[in-house]
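Heads up: the sequence shown at position 53 corresponds to 64 in my numbering, and the numbers run straight through without jumps.
Among the hints, erroneous ones may be present.
[Said to hold, decoys possible] Within a straight-line C-alpha distance of at most 20 Å, the following computed EDC-like cross-link-like pairs (lysine to aspartate or glutamate) qualify: (1) K334 to D346; (2) K56 to E265; (3) K261 to D342; (4) K56 to E319; (5) K261 to E96.
Just so you know, the hints here were simulated from the structure itself, not pulled from any lab data.
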Amino acid sequence: MSKLLGEILGARGRIASIGLPALVSQAAVAAWGVVVILVARIIPKEAYAAYSVARSIEFFAALLGGGFVLQALLKFAAEGSGSREKELLNAASLMTAVLSVAGALLILAGGPLIESFYAGLELESLPPVLALVVLLEGLCGIPKNALLAAHRTRTVMWGDLASFAVRAGTIGWLALERRLSSPHQIFAAQAASSLVCLVILWALGGRFAAAGAGTNLARVRQVMSYSLVTLGTTIASFVYSWTDILMLGKMAPEGETAAYGVCRSMAAFAMVLNSAANIVLIPLASRMSSQGRGGILRRTWQGVLIIEVVLLPFVLLSVVFAKPILHLLFDGRYDYGWPVLTALLLASLVRPPGSLFSATGAGVGRPGYSLQSVIVTALVNVALNAILIPRYGALGASIATAVSLSMGSIAVVFLVSRHLSGRRAAEG
Numbered sequence: 012m013s014k015l016l017g018e019i020l021g022a023r024g025r026i027a028s029i030g031l032p033a034l035v036s037q038a039a040v041a042a043w044g045v046v047v048i049l050v051a052r053i054i055p056k057e058a059y060a061a062y063s064v065a066r067s068i069e070f071f072a073a074l075l076g077g078g079f080v081l082q083a084l085l086k087f088a089a090e091g092s093g094s095r096e097k098e099l100l101n102a103a104s105l106m107t108a109v110l111s112v113a114g115a116l117l118i119l120a121g122g123p124l125i126e127s128f129y130a131g132l133e134l135e136s137l138p139p140v141l142a143l144v145v146l147l148e149g150l151c152g153i154p155k156n157a158l159l160a161a162h163r164t165r166t167v168m169w170g171d172l173a174s175f176a177v178r179a180g181t182i183g184w185l186a187l188e189r190r191l192s193s194p195h196q197i198f199a200a201q202a203a204s205s206l207v208c209l210v211i212l213w214a215l216g217g218r219f220a221a222a223g224a225g226t227n228l229a230r231v232r233q234v235m236s237y238s239l240v241t242l243g244t245t246i247a248s249f250v251y252s253w254t255d256i257l258m259l260g261k262m263a264p265e266g267e268t269a270a271y272g273v274c275r276s277m278a279a280f281a282m283v284l285n286s287a288a289n290i291v292l293i294p295l296a297s298r299m300s301s302q303g304r305g306g307i308l309r310r311t312w313q314g315v316l317i318i319e320v321v322l323l324p325f326v327l328l329s330v331v332f333a334k335p336i337l338h339l340l341f342d343g344r345y346d347y348g349w350p351v352l353t354a355l356l357l358a359s360l361v362r363p364p365g366s367l368f369s370a371t372g373a374g375v376g377r378p379g380y381s382l383q384s385v386i387v388t389a390l391v392n393v394a395l396n397a398i399l400i401p402r403y404g405a406l407g408a409s410i411a412t413a414v415s416l417s418m419g420s421i422a423v424v425f426l427v428s429r430h431l432s433g434r435r436a437a438e439g
């Protein structure tokens with residue numbers, strides 16, 4: 012442990028130069044979560060419940076609409092700057108663009124079905140707005156991930172900050188004018204912010220394709236073979252990440268769905284740290300693996316330790332004062348959700364090992380490990396949700412999340428550690 016801490020301190024300059032902008036980018040995501048939390052104080056509970064369900068639908072469509080290819084883009088772009096890597100980058104970019112359009116069209120085509128299935132929620136005329144969000148976020152992800160693969164996190168940071176300014180500014184203005192009343196306005200602000208981010212990244216050097224290189228069908232197949240595994244992972248990840256909201260929206264009162272959405276947003280701080288670490292870790296592990304360098308397992312544990320040290324005080328304070336925090340932020344509207352917040356905060360402590368080891372597995376060309384662990388997580392989560400939500404509502408969903416996350420983290424840490432240790436022994 013002391014050796015691990017010493018290595019972290021010795022590399023603090025490098026960690027700060029790359030990791031700090033990534034953390035700022037993810038902090039902007041967290042700040043948007045805070046804005047959404049404040050929105051919950053303004054709009055009616057039924058409107059916030061509709062937003063929570065629609066956000067889950069949008070997230071799933073974004074994954075199918077090219078989101079699962081972006082990890083392949085991040086990995087292959089980080090392996091080098093030769094013609095092979097450029098062709099793979101262009102293939103991944105092309106696939107992402109095509110699938111983003113397909114995802115948007117899928118939401119438009121399924122709009123009537125979505126509205127009828129959730130007839131009790133305010134989802135009328137929302138699918139076209141969700142489709143625009145999916146399209147713009149997918150296109151924005153292409154230059155963003157190419158920049159991240161080169162560890163140009165500072166450039167990406169400016170795009171993310173501009174995106175947050177547009178979102179928060181729009182919602183803040185609507186709130187001050189007392190015109191904020193529906194989820195449609197929130198998603199419209201999100202679409203506008205993605206467009207602004209795309210323009211900023213382009214102006215700062217982000218591109219949709221590598222200059223001087225085309226692509227071919229063989230490269231597309233290579234990207235697709237990797238992406239199909241990440242597709243399975245992302246679908247299974249969606250199952251355990253968002254089906255709780257979707258099942259609550261169908262099986263529990265609107266107040267339970269809204270309270271769970273609020274508590275989930277408040278517990279998102281851990282996800283911000285995980286995402287920032289993954290931005291750095293996937294390209295790093297990919298580059299180290301392609302160059303035959305050792306120490307990948309040690310680097311992963313360094314990331315886990317850093318996140319847990321930052322996360323632990325926040326979680327403990329929030330757990331102790333869960334009920335007063337909810338009362339202060341929401342003027343007593345969601346006081347009954349403090350057990351839900353407590354369970355989700357405690358669950359956040361087991362997320363970093365699973366998240367970072369999944370990123371390492373993807374970086375060293377073993378995304379299947381993440382897929383296996385996430386399938387286990389998803390199956391346990393759905394089964395527990397089906398059992399616990401009818402009886403315990405939002406609390407049941409939070410318990411299901413905590414248990415399934417723990418099982419998934421244990422699985423992926425074991426699989427990736429075994430692979431890296433075995434490879435090191437073979438090379439030794």
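Quickly compare the C-alpha distance for K56 and E265 to 20 Å and report which way the hint goes. 7 Å, holds
Between K56 and E319, does the CA-CA distance stay at or below 20 Å? 34 Å, violated
Pair hint K261 and D342, alpha-carbon separation not exceeding 20 Å: 27 Å, violated
Satisfaction of hint between D346 and K334, Cα-Cα up to 20 Å: The given pair, whose Cα atoms are some 6 Å apart, holds under the 20 Å limit.
CA of K261 to CA of E96, is that 20 Å or under? 45 Å, violated
Consistency with the previously given hints fails for numbers 3, 4, 5, ordered from lowest to highest.
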